[in-house]
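There are 2 protein chains.
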Amino acid sequence: MKLNLKKSLDMQNRARNCIPGMTQLLSKRPDMFAPGVWPGYFSHAKGAEVWDLDGNHYIDMSIAGIGANVLGYSDIDVNEAVKKSIDNGTSCSLNCTEEVELADLLCELHPWAEMVRFARTGGESMAIAIRIARAYTGKDKIAFCGYHGWHDWYLSANLETDTLGNHLLAGLDPAGVPKGLAGTAIPFRYNQIEELQAIVMQHKEEIAAIVMEPIRSEQPKQGFFDEVRAIANEIGAVFVIDEISAGFRMNTGGAHLLLGISPDIAVFSKALGNGYPIAAVIGKRDIMDAAQKTFISSTNWTERIGPTAAIAMIEKHRKLNVGKYLIEIGNLVQNGWKNLSEKNDLKINIGGIPPLSHFIFQGNNPLAMKSLFVQLMLEKGFLASTLFYSMYAHTSEHVDVYLKSVDKAFAEISDACHSGDLEKRMKGKPASSGFKRLN
Amino acid sequence: MKLNLKKSLDMQNRARNCIPGMTQLLSKRPDMFAPGVWPGYFSHAKGAEVWDLDGNHYIDMSIAGIGANVLGYSDIDVNEAVKKSIDNGTSCSLNCTEEVELADLLCELHPWAEMVRFARTGGESMAIAIRIARAYTGKDKIAFCGYHGWHDWYLSANLETDTLGNHLLAGLDPAGVPKGLAGTAIPFRYNQIEELQAIVMQHKEEIAAIVMEPIRSEQPKQGFFDEVRAIANEIGAVFVIDEISAGFRMNTGGAHLLLGISPDIAVFSKALGNGYPIAAVIGKRDIMDAAQKTFISSTNWTERIGPTAAIAMIEKHRKLNVGKYLIEIGNLVQNGWKNLSEKNDLKINIGGIPPLSHFIFQGNNPLAMKSLFVQLMLEKGFLASTLFYSMYAHTSEHVDVYLKSVDKAFAEISDACHSGDLEKRMKGKPASSGFKRLN
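As you go down the protein sequences, you meet chains A and B in turn. Oh and the first sequence: position 399 is 431 in the numbering used here, straight run, nothing missing. Oh and the second sequence: position 151 is 183 in the numbering used here, straight run, nothing missing.
Honestly, the hints are just simulated from the structure, not real lab data. Be a bit skeptical, because a hint or two may be false.
Result set (DSS-like, lysine-lysine): computed pairs, CA atoms no more than 27 Å apart in a straight line [stated by the list, open to error]:
no.	chain 1	residue 1	chain 2	residue 2
1	A	459	A	436
2	B	115	A	39
3	B	116	A	116
4	A	116	B	78
5	B	325	A	461
6	B	116	A	348
7	B	78	A	115
8	B	39	A	115
9	A	115	B	348
10	A	38	B	116
11	A	116	B	39
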């Protein structure tokens, strides 16, 4: 089925003329999927279903709003709470009580945490965590692992072209990051304790924080996080866990609770608001209190929708044990990928925790294979890519019909690879690779 | 009338236990008004009216959500547009068209601008503007005037205790700002072209941007901004105008349009969303395109409410000529302050553009005078302080009843000053001074 995408493609062109990069988020660029055939824009979305500007209907088996929509799109319970807050006024010269309630709720879910600051986006909440860690310790350097956003403190890792950082965070260009930050952010790899030990050896007295995602592609090695914790204690560094991607995926709260990690600060966004902008920095009292030694303040952090949505999301998440469900759905998809790739003689590497699953095509032209997959799935009525983020709105029926279509798409890609006409079958261009994460 | 504030004061104590600083915004701390008598929290707000947690009703003649609510609280037209976007889903794996429409609308209002990036808060949008300017020029230093938020690039001005910055931005502690940024942000004062010239003399080849608010307390001197523009051209610096406070106050768009300023980039937030989080960086094409040389990306920047609210706000603002109205209301208030202070033998200094007016008590104990004023006005049913930000929801009747109460409050403060029992009449503590802005 050839899709009519005229309005969607016109809107993409219009956007490219007035918005550098077309969108505010790398992961939502059509280039990340299949340029020329990916619709890019939606008119409405509900549950796991999306309608584009040309009226095409899809089941979304892709990135779930890049992980923002953990419950599903336009969730009725979160919407109802938000609309009530709109009727009562979302902003005035006084503060809203919902942020206090949310702070208490987050501390209840994470009993080691005692104080909370809020922001509205993931990047800025990580910048707050870093500011607090630096203010608390009086030190500047950050040892980090994983992806933590667009801010200067993080991209500075790529300022020195000969560092590990430049190698591992390929695609994150630090243009415009002040050169005075060179050497302040030093990367190490997940489960490679000796890399962190080497950083500590060299910069022991200068490290303000050790910053990590709790989990992404692989499980932590036995004892790995205990060693990180011990190192943080030894050198007086603040141990910051970035839960922006992993939080509220496998459990109601941070993945660190499941993995037995003991951080000093944890940072949440994305899933926290189910698509409404909110971010939270939670932490131990003495460390969080350092926020008062410095200046961290923004008008739009005081509005009511963000904490209202977060409270509604958390309550529903907890009541329905959403984390368990997301793992089940993710496992169904990962198992489907495995079986269907074998059946169709396609080599793929599958990774990620089940709620944040991905696979990588193995072959001479993986980006063309990805684009053809995206294109074939669109034509079968699915937003789909090599990433799958599960939502509570996904049903096993969604997975069933999705996997039937994946089977056909894999068969055609396999056929195209064997007959060598992969690119001839593509109606758009190959996907871009985006940036390589540091795992 | 003694107000019952039990629930409000309990909530403040609860908040202080779990949120460092109690709120996300310095300007919304009860300390900034009258600690112990300022309610701090609201249950609902509509137009210019606010109800606190104990059911007390106020007309808000204070900070209008610190300038966020330019139309008024819970504006029916903006709310209606936002609720429609909620029903259609505010976030999914695709992009919303409203950000493209808003980008075009902002470029229509500001014909010199061609491209737009969005964020959700003022501070992060200024950080984007700085990143773009640095990426475009390949330089790091910023010459600035005025207030521009909590981010590292700005607070770094206070890292060297002997700079002008430290003196003029008293109260903005740079704890936690990396020391490698020392010397990268250099302040100059409004209308003091020779201070900018001196910075240029010393750092000519290194200046990425000249960053200013278009107006705050005083009018620009004839030719001042032309000279700034000429200097920016001469040294190849990006001229950034921060419209976060001044934008949409006197006209539909940036104040720079009224003042004949020709920037390369302008930044909006606060009023732009009438209380819904949204921020925009608008600029010339070749400069904005530098955003693609670096990495500026965030999930929550892609949701639909922000641009929806901004479009609805701008359309209403333009249709009703809200800027003209805000000036009229502001002038009524400033004239009232002037007449009533003279009548009651109180010395005050009045300043600010009419929509963002303020006065400063002159006397031995101005912070106690301010706190007593806040307290007396609360007891008369007004949220009021020494700042007055006008909203479209303010009517001349609001101003009339407000000024009648100001008259009585000024009379009592004058009496208290003469009889020397200012502090005895206070039920709370004196206000904090907050930070001193660089004008």
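Practice prompt. Against the earlier hints, flag every one the structure doesn't satisfy and list their numbers going up.
Written response: none
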